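*Asks:* Read off the chains here:
Number of protein chains: 2
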Amino acid sequence: MNIDKKTLAAWATRERAQFEDTLKQFVEIPSVSAEEARKPDIRRCADAAAKLIRDFGGEAKIIETDGNPLIHGRFTSSDNYPTLTVYNHMDVQPASRETEPWDTDPFVFTKKGNRYFGRGTTDDKGPALSAMWGIRAARQANIPINLNVLWELEEEIGSPSFEDAIKKHADELATDHMLVSDTIWVSRQQPAAPAGLRGLQGITLKLQTGTTDQHSGVTGGAARNPIGELAQLVSQMYDARTGRVKMKGFYDDVVPPDKRELADFRNSGFTIKQFKKDHLFKSIRSDDPVDVMKRIWAMPTMEIHGLVGGYTGPGIKTIIPPSAEVKLSFRLVKNQDPKKIQKIIRAFVKQHNPDVKVEIENSMYPYAAPTSGPLADAIRDAMKFAFGREPVFVREGGSIGAVVSMEKVFKTPVMFLGLSLPEHGYHAPNENYDWQQASGGIVSFVKYFDNVSKM
Amino acid sequence: MNIDKKTLAAWATRERAQFEDTLKQFVEIPSVSAEEARKPDIRRCADAAAKLIRDFGGEAKIIETDGNPLIHGRFTSSDNYPTLTVYNHMDVQPASRETEPWDTDPFVFTKKGNRYFGRGTTDDKGPALSAMWGIRAARQANIPINLNVLWELEEEIGSPSFEDAIKKHADELATDHMLVSDTIWVSRQQPAAPAGLRGLQGITLKLQTGTTDQHSGVTGGAARNPIGELAQLVSQMYDARTGRVKMKGFYDDVVPPDKRELADFRNSGFTIKQFKKDHLFKSIRSDDPVDVMKRIWAMPTMEIHGLVGGYTGPGIKTIIPPSAEVKLSFRLVKNQDPKKIQKIIRAFVKQHNPDVKVEIENSMYPYAAPTSGPLADAIRDAMKFAFGREPVFVREGGSIGAVVSMEKVFKTPVMFLGLSLPEHGYHAPNENYDWQQASGGIVSFVKYFDNVSKM
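Residue numbers (this note's numbering), protein chains in the order written: chain A, 150 to 604; chain B, 150 to 604.
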């Protein structure tokens, strides 16, 4: 089989019915990692994934971890070839017709024309199968590369067992190249690939000034108010109106996006109107699109997620609580180090309210993907080949812990070839995927494998 | 019977057994106004109260309100005499051995030497009965005064029906003098009477910036954070570390305590050590006793009671909530007007974050009792007569809505003759009262009635 678009597109069309049958099979296994009761479905999904790999002619191994298993598939052609591993995840977000407005049963695969509805269709079972069909085509075209897949079943709960497991099995999982297919374009018209992911530092601040609720008449004025003091402390840490963090040193290591990256932002298809609509915002901090893209992709943040303590029932209860706790997190960008951010926070709190206890929660390093060089060019070429337009390199504002772990353990840059679209309803009701992205994806994968094989 | 201390003390001793039996009877009716399931006990308590008044030779009437009833008792001697009404409440705080460290059953009257344990012994059934025995003695001594009692059964839940009910029955409740017996001395060694009560203005601030929880990776930086903005707003309203309110005009009407009042504060027996111990504080805003007394009695406050919104479970969930709400209240002092404070708050919020909605919650005016003139002198004399020392006039930091209502409806100053002590455990486990305060109280009441009859 030749690596030309017409041939590959025709091949994909012939495979379509089988692709859809397989997607149906996986969507109808409700592999919800967040729900304890779905453990048997997680296991069923792992078994089905291993069987699929074997049916495609590969070797499959289910790797047990402290949590849900990993599935490793090998399609080895020759020890002389380089090895490329595609990462996807086969677990899904929870879904319920009772509490969410699904038009169809989320765990029944529903085809409407070119669109496929059901939980996991776009995140991430559809892209995983698109990669599998890319591998099948690459093998039929005899591309000189060994292709592996690594599928996780805990991505939606933050990959708690992933890094330990891949460290333990580093030898058998060893790979020369790593490709992740689990990201979203900014708009259907414009292919996009992530240039980086933000990191994360979670922090809990706790203050105890008393022992029991006290009467604000009897003690108010003399009593310290831990909610008030924590509110004041976080307001000293950042300006919630603008989002600007006021702690000294916080922005020191931030590298602003360069001209080329900003040009890609401008060409990404991002609009304020769509962003507000997608996320149901009444107002946001800025109405300038480039400023908003910088804010969500290229700048670090501070966020308050909740405040625990005091009275939260109806009306007012005039108590002074003995203690309070505020839950914070910081999104971090390329070049920022969570450990350094922890130090900045500890020093700031010690200076401004030394009675407040700082507890370090989860940390994730930011990730910067190459946007120039042969691998980035190979992505550009593969996506242009399949979709007709070069991708823009934008960033993802979120954090994928597994990506940082894979870069560290496999000692190779992690590249992204994502296929999901905003209208696919990531993590939302009526999640869907479509044949345009699936077939374009298959063609992109083949082209990318071919490009890498020639490096 | 002569109005001399020896005679009255001997009379009280002869009455002691009956006083204790009656207190036992009332303590063992669990008239908890905060608990719906106790409605039959509230009714039983009203009936027992009316029966007690009749047994003492008075006329009793149960006055129905929109909530729990009032009990009105009349001991009329002559239409030519002035009328004095003593207010107490017969409802009590909740109590439970399962959740609180009671040494004895809270609703079983337990006598240990001179001390009486049980819910309501000191707040406010013991003082109510002390007043009743004072009335009995006054009648035996033929003091030329008509003595009434007005007992409430909703004081512990903020007297929601009280003002309407006394307005409606203003004619039959009409009185020349009003005495409240429901306050606490600062220490056993030093009788004290309140010179005033703080008022209250409750406020809810609400901010909505979105519709549903959003992912802080995907939207963080651009999304507004309603918890952060409310934390910032309250930190602009006041300095939680010092307690100082920063809103312009807030302190304009505050009249600081004069020299005589400050001298009374100094003589009150207040100590920082005891205050911290009583309220189980780890630290407070000041360690200067006069400063602390000013803060809790004579200065207004701002307090944050709770913040609703966002994630409050274990660990961190990196969401940005669509809305948040903060519950505030302000204690107000003599001369401050809740309506003016509402205006100051509305103007401040409009200026600093106009998207925030201000909701006005409960208002209570502050109350200033006379500390000079014949009524104050009559209190001084009566307490010195019974307890050997002139009382200091201090203030109560809390707010008693009923007091302001009575002053307004009965058009007479409300005086205080309180008998509770800090070690009596107001609103706390092991609540108690003692014969020293009860018998001293009986003697004080007789002397006060006699003083007023001579005006």
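Wrong hints could be hidden among the right ones.
For chains that are exact copies, the list does not tell them apart, and a pair is met inside one copy or across any two.
Unchecked claim - Mimicking DSBU-like on lysine-lysine, the simulated pairs with C-alpha atoms at most 35 Å apart in a straight line are:
no.	residue 1	residue 2
1	Lys499	Lys426
2	Lys506	Lys154
3	Lys260	Lys560
4	Lys499	Lys422
5	Lys316	Lys425
6	Lys422	Lys355
Hints were generated in silico from the structure; no laboratory data involved.
It should be emphasised that the depicted structure is a prediction, and the values quoted were computed from it without experimental measurement.
*Asks:* Could you work out which earlier hints the structure fails to respect and list their numbers in ascending sequence?
*Replies:* 2, 3, 5
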